[in-house]
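J.: If you read the sequences in order, they're chains A and B.
Just so you know, the first sequence maps onto residues 1 to 273 in the numbering used here.
Just so you know, the second sequence maps onto residues 274 to 575 in the numbering used here.
Source of the hints: derived by calculation from the structure; they are not laboratory data.
Backbone N, C-alpha and C define an ideal beta-carbon position, used for all residues, glycine too.
Don't take each hint at face value.
To be verified - Some chain A residues near chain B, calculated using beta-carbon distances under 8 Å: (1) Arg84; (2) Pro94; (3) Val95; (4) Ser170; (5) Gly174; (6) Thr204.
To be verified - On the chain B side, residues computed to face chain A include the following (Cβ under 8 Å): (7) Ile331; (8) Ser335; (9) Thr337; (10) Tyr356; (11) Asn360; (12) Leu370; (13) Tyr376; (14) Leu379; (15) Arg380; (16) Leu382.
Claimed, not checked - When the alpha-carbon atoms are kept at most 25 Å apart in a straight line, the in silico SDA-like pairs for lysine to any residue are as follows: (17) B:Lys409 with A:Thr86; (18) B:Lys409 with A:Lys270; (19) A:Lys270 with B:Glu359; (20) A:Lys270 with B:Asp292.
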Amino acid sequence: MTRILATAATEFRIALRNRWVAIAVAMMVLFSLVLSAAGSAPTGALGADRLSVSVASLTSLGVYLVPLVALLMSFDAIAGKVERGTLPLLLTYPVNRAEVLLGKLVAHLGVLSLAIVAGYGSAAVAAFAVDPEAARGLPALWRLVWSSVLLGAAFLCLGYALSARARRPSGAAGLAIGLWLGMIVLYDLGLLAGVVADDGGWFTTDLFPWLLVANPADAFRLFNLAASEATAAAAGIGGMAGAIPPLYALASILLWPALAMGLAVLAFRKVTP
Amino acid sequence: MERRMTQSLTLSRLSKSYDGTPALRDVALEVAPGERVALLGHNGAGKSTMMKIILGLIPFDSGTVEVLGARPGSARAREGVAYLPENVAFHPSLTGLEQIRHYLRLRGLPVGGAMDLLGRVGLAEAAGRRIGTYSKGMRQRIGLAQALIGRPRLLILDEPTSGLDPVSRRDFYALLDGLAAEGAAILLSSHALTEVEARTDRLVILSRGRVVTQGTLPELRRAADLPVMLHVTPREGAGDRLAQALPQGRMNGTALHLDVAQRDKLPVLAQITTLGDAVADLEITPSSLEDIYSHYSRRDGQ
Ligand SMILES: Nc1ncnc2c1ncn2[C@@H]1O[C@H](COP(=O)(O)OP(=O)(O)O)[C@@H](O)[C@H]1O
Ligand SMILES: [Mg+2]
């Protein structure tokens, strides 16, 4: 435990020095504010409070941005150590590889949580500024915050796994971008294409919901939109979420970080310094 | 078995190849507590490979390796072993002090000892600066400082003095003397042959993955049977007489030089003393470690 915390403290210091803390916070705040400004129009029409509407649009933002920031922070984690040549010495210390990864995860998740709270928080402040009823959206905001942190944890660990796989930072960066595109953009497009081609058949009714839940980003979106009062504000895939109990989506969000950490530890064990 | 347990490090019949290319062949080596052993060998001889195997960083093909009575890389071995890698590297964003504190925490020790460690390697003043601004020699000293953490019982140092200036090298060997006196076993590799000869107890010469010889320097000299160099300086005007008496020598400016085989050493010396007042001075140069090293490496190559 002390070794995990020691690693976390040092990694957090490095993240501060490398401006990762500043970059992550700035990105989340900037996009959150832009989005809440852009989403101000439909409020009255829906009858929902301003914060709940913001949460719905922040959910769509989080699906893209949280995995992106997480992968950007984590792709260098192992490959960078290999390239700098700091790995052999570290591995002669009485610390095991899982502890190294957990320490990194604690630090990176701390940075990401800071960015998430700052970003969503600034959007919430903006909502409260224009709508006194905004407090009704607070439970949804809270749910969005912790599920975003879990989504971030899953993608941080996936980033460690491919960092260990690639062993070189350039290769890991490529894999990270590919993973993001694949899991966040192409996956949904593929599902959508499947649904369209299937035209209401077995794929749409039986397989599609499970494929949706299996992807942590889609599960995150489903969970937040299903639970939100502002579901009506959501469009696209989220609209088809009705068939899936939010509990399954929640289970997916909870399981993914553990699964991804397992993958990362396995990949890291295969790295010969 | 009883004897084995008293060794800090035991390698026997150790072999390792990388994708079919042998890097170590049938290596046997023992290091006892308090002993300083120098591992010498050309580039690619297998020194770093041997060290990484001892540390459990890379697997080996056959043979046995016992580190402090445990399996290499096991928790028990890691507790007691310190390592200084070749070309040691650290995260450039951390200061020297932060880096050493981190390593102290990983060993479960209080971070209060960090300044003391940095002081021992002469880095107290640079402790607050980022390692990214350090010179190679300073990074090497951070590497040494971390290797001193927690009284290790076995130190594995891969070219520890590369990048150090002569004064720092002397300080480094003084540190090693202290550690060995406290009972630590030390295995270090080096290219700088002359510096290890006075500062280690035993030399192990590795060539193309094989231990070609090992022993103390006098033992290796005797076994190599390399000639001794004699420089005889004649008195004023006695040069010709000296050259006639010692025809095997060659006159070179002011002195007569002779390469004398080990077994002829004493007879030739006796002969020189009979020349009496023709001799102004006599200097004897034993074969250097470089000579011994190239003798063994060459012999192995043939
Ligand atoms: N990771 C590796 N993959 C393949 N060959 C290697 C690797 N590391 C070392 N070698 C080879 O093994 C031999 C021994 O290398 P090394 O142990 O680094 O020698 P030294 O430290 O004595 O210079 C060399 O021929 C080297 O090319
Ligand atoms: Mg080497």
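J.: Is the interface hint for Pro94 of chain A satisfied, with its Cβ closer than 8 Å to some Cβ of chain B?
T.: With a closest approach of 5 Å, the Pro94 of chain A hint holds.
J.: May I ask you to test the interface hint for Thr204 of chain A with respect to chain B, counting a Cβ-Cβ separation under 8 Å as satisfied?
T.: Thr204 of chain A check fails; min Cβ-Cβ to chain B is 51 Å, beyond 8 Å.
J.: Should the interface hint for Tyr376 of chain B be scored as holding, given a Cβ-Cβ cut-off of 8 Å against chain A?
T.: The hint holds - Tyr376 of chain B has a Cβ within 8 Å of chain A, the shortest such distance being about 7 Å.
J.: Double-check Leu379 of chain B for me: the hint is only fine if its C-beta lies closer than 8 Å to a C-beta in chain A.
T.: This hint holds: Leu379 of chain B lies near chain A, its Cβ roughly 5 Å from the closest one there, short of 8 Å.
J.: Report holds or violated for the interface hint on Leu382 of chain B, using the least CB-CB distance to chain A and a cut-off of 8 Å.
T.: violated (10 Å)
J.: Interface hint check: Arg380 of chain B, Cβ to nearest Cβ on chain A, cutoff 8 Å. Holds or violated?
T.: It holds, given that the least Cβ distance between Arg380 of chain B and chain A is near 6 Å, below 8 Å.
J.: Is the interface hint satisfied for Ser170 of chain A? The criterion is a beta-carbon contact with chain B at less than 8 Å.
T.: violated (18 Å)
J.: Closer than 8 Å between Cβ atoms is the bar; does Val95 of chain A clear it against chain B? Give me holds or violated.
T.: holds (5 Å)
J.: Given the hint that Lys409 of chain B pairs with Lys270 of chain A, test it: the Cα-Cα distance must not exceed 25 Å.
T.: violated (30 Å)
J.: Restraint: Asn360 of chain B near chain A, CB-CB cut 8 Å. Satisfied or not?
T.: holds (6 Å)
J.: Min Cβ distance, Ile331 of chain B to chain A: is it shorter than 8 Å?
T.: Holds - the Cβ of Ile331 of chain B comes within 8 Å of chain A, reaching about 6 Å at its closest.
J.: Is the Cα-Cα distance between Lys270 of chain A and Asp292 of chain B 25 Å or less?
T.: holds (17 Å)
Hints 4, 5, 6, 8, 9, 12, 16, 18, counting from the list given before, are not met by this structure.
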